[in-house]
Amino acid sequence: MFVIKKTPKSFMKQLLIFLLCLANISLNAQNNAVVAGEKLIYTASYNMSGILTDIAQVTMETSEAKTSKATLLRLKCIASTYSKWDNFFKIVDLYESYVNPKNLTPYLYKRDINEGGYYKFMKYTFNHKTNTINSVQRRRTNKEENKNFSINAGTKDIVSTLYSIRLFDYKNMSLGAKKSFTIVFDREEVKAQITYLGKETISTNIGKKECYKLALSSSDQVLQGKNNNLLWLTADENKIIVYGKFKIPVGNGELKIKSAQGLKN
Amino acid sequence: MKKIVTIFALILAVLSVIIAVLPVSNLSIFPAIAALVLGILAFYLSKKSGSGKKMIQFIFLLTIISLLLTSYKAIFSKTEVSNNQELKEKEKESKENAIEDLEELDLDDISID
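Quick note, the sequences are listed as chains E and H, same order. With this note's numbering, you'll find the first sequence wraps up at 265, consecutive numbering, no jumps. With this note's numbering, you'll find the second sequence wraps up at 113, consecutive numbering, no jumps.
The set of hints was computed from the structure by calculation and includes no laboratory data. Beta carbons are placed, not taken as given, at the ideal position from N, Cα and C, and that holds for glycine. One or more hints might be untrue.
For each label pair, taking beta carbons as the anchor points, the in silico distance ranges come out as [what the hints assert, rightly or not]:
1. H:Ser71 to E:Lys258: 46 to 56 Å
2. H:Ser82 to E:Lys147: 30 to 40 Å
3. H:Gly50 to E:Leu52: 42 to 52 Å
4. H:Val14 to E:Phe88: 31 to 41 Å
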């Protein structure tokens with residue numbers, strides 16, 4: 001019972017960090033892969049005593065966000081536990097990032113998480129001229145906490161980072177090539193790295209796909225092992241994530257694509 | 001010996017039924033198989049000594065219930081997310097608030113649209 005109560009929370013947290021530790025720092029990379037109206041649905045599974053158990057659904061959706069001056073791209077990521085877990089440990093996490101549609105530079109990031117009674121809200125407003133973030137944090141007690149802090153040039157939030165890895169030119173990458181990037185999470189910067197491991201064809205729920213295989217690592221100890229955290233991106237112009245394997249302090253698991261709609265190419 | 005094996009088999013059989021009704025029902029296969037093996041051993045020992053087999057029959061019954069429940073859930077239960085109206089409203093409100101925040105930002109220097 002204790003394992004059941006504890007695991008999904010830790011799992012979701014670690015999973016999100018895993019997902020979010022995949023980023024690109026070449027902010028000038030032009031977006032030719034992500035478009036408004038895209039919807040990707042994933043199943044997150046956790047390895048329990050050698051048996052993979054489906055725990056949550058992760059939905060990644062894009063849409064337009066119009067202001068009087070500009071039209072931004074809204075990147076939304078929702079993680080929800082499957083209904084069978086709701087009586088034990090219900091998780092509903094909403095992550096959003098409002099980015100420049102041309103290069104996915106973030107301007108506003110919001111995180112609203114509700115994990116088994118634990119609530120946290122976080123908002124970052126990016127100022128790319130001064131390389132600072134104005135953050136607002138709120139917890140269940142409703143106490144609001146404002147904080148300004150500096151970031152390195154090119155640092156992104158986890159959602160825009162997750163989409164930005166799709167902007168890399170993997171076609172021209174040599175085996176073993178590495179890309180480093182910085183993610184801001186919980187008001188702290190985390191260094192992460194992607195290593196290109198070549199092409200691989202795998203079977204997925206959306207068909208057999210030729211993929212770019214990537215290994216992920218981070219400066220903190222969230223992602224464990226050298227080649228234990230892997231990611232497969234379709235080797236086409238969309239470069240969507242179709243499969244992921246991860247090993248984190250609380251165990252290991254998988255992320256599998258369930259459906260993909262509204263792709264650009 | 002027979003008594004110890006029977007007690008262990010009973011504990012495992014009860015455990016497998018409990019796990020079978022939980023969301024982690026697929027894990028009940030492990031205690032169910034162990035209960036089955038110990039049940040067979042207890043059955044063999046009781047046959048040898050000529051003692052009663054009612055408890056062993058009960059162990060088998062629990063194990064079968066657990067395995068049937070696990071199989072049923074594995075085959076027929078759907079993994080789906082509950083329709084969360086609250087989340088939909090939160091998303092909508094969040095977007096409206098975000099647009100208000102974005103209106104206050106100096107976005108003139110970025111070429112969007």
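**Item:** Leu52 of chain E and Gly50 of chain H - C-beta distance against the hinted 42 to 52 Å
**Value:** 46 Å, holds
**Request:** Go ahead and decide if the range 31 to 41 Å is satisfied by the Cβ distance of Val14 of chain H to Phe88 of chain E.
**Result:** For Phe88 of chain E against Val14 of chain H, whose Cβ atoms are near 20 Å apart, the range 31 to 41 Å is violated.
**Message:** Verify the CB-CB distance for Ser82 of chain H and Lys147 of chain E against the hinted window 30 to 40 Å.
**Reply:** 35 Å, holds
**Prompt:** That 46 to 56 Å hint for Ser71 of chain H and Lys258 of chain E (C-beta), does it hold up?
**Reply:** 24 Å, violated
Of the numbered hints given earlier, the model fails hints 1 and 4; all others are met.
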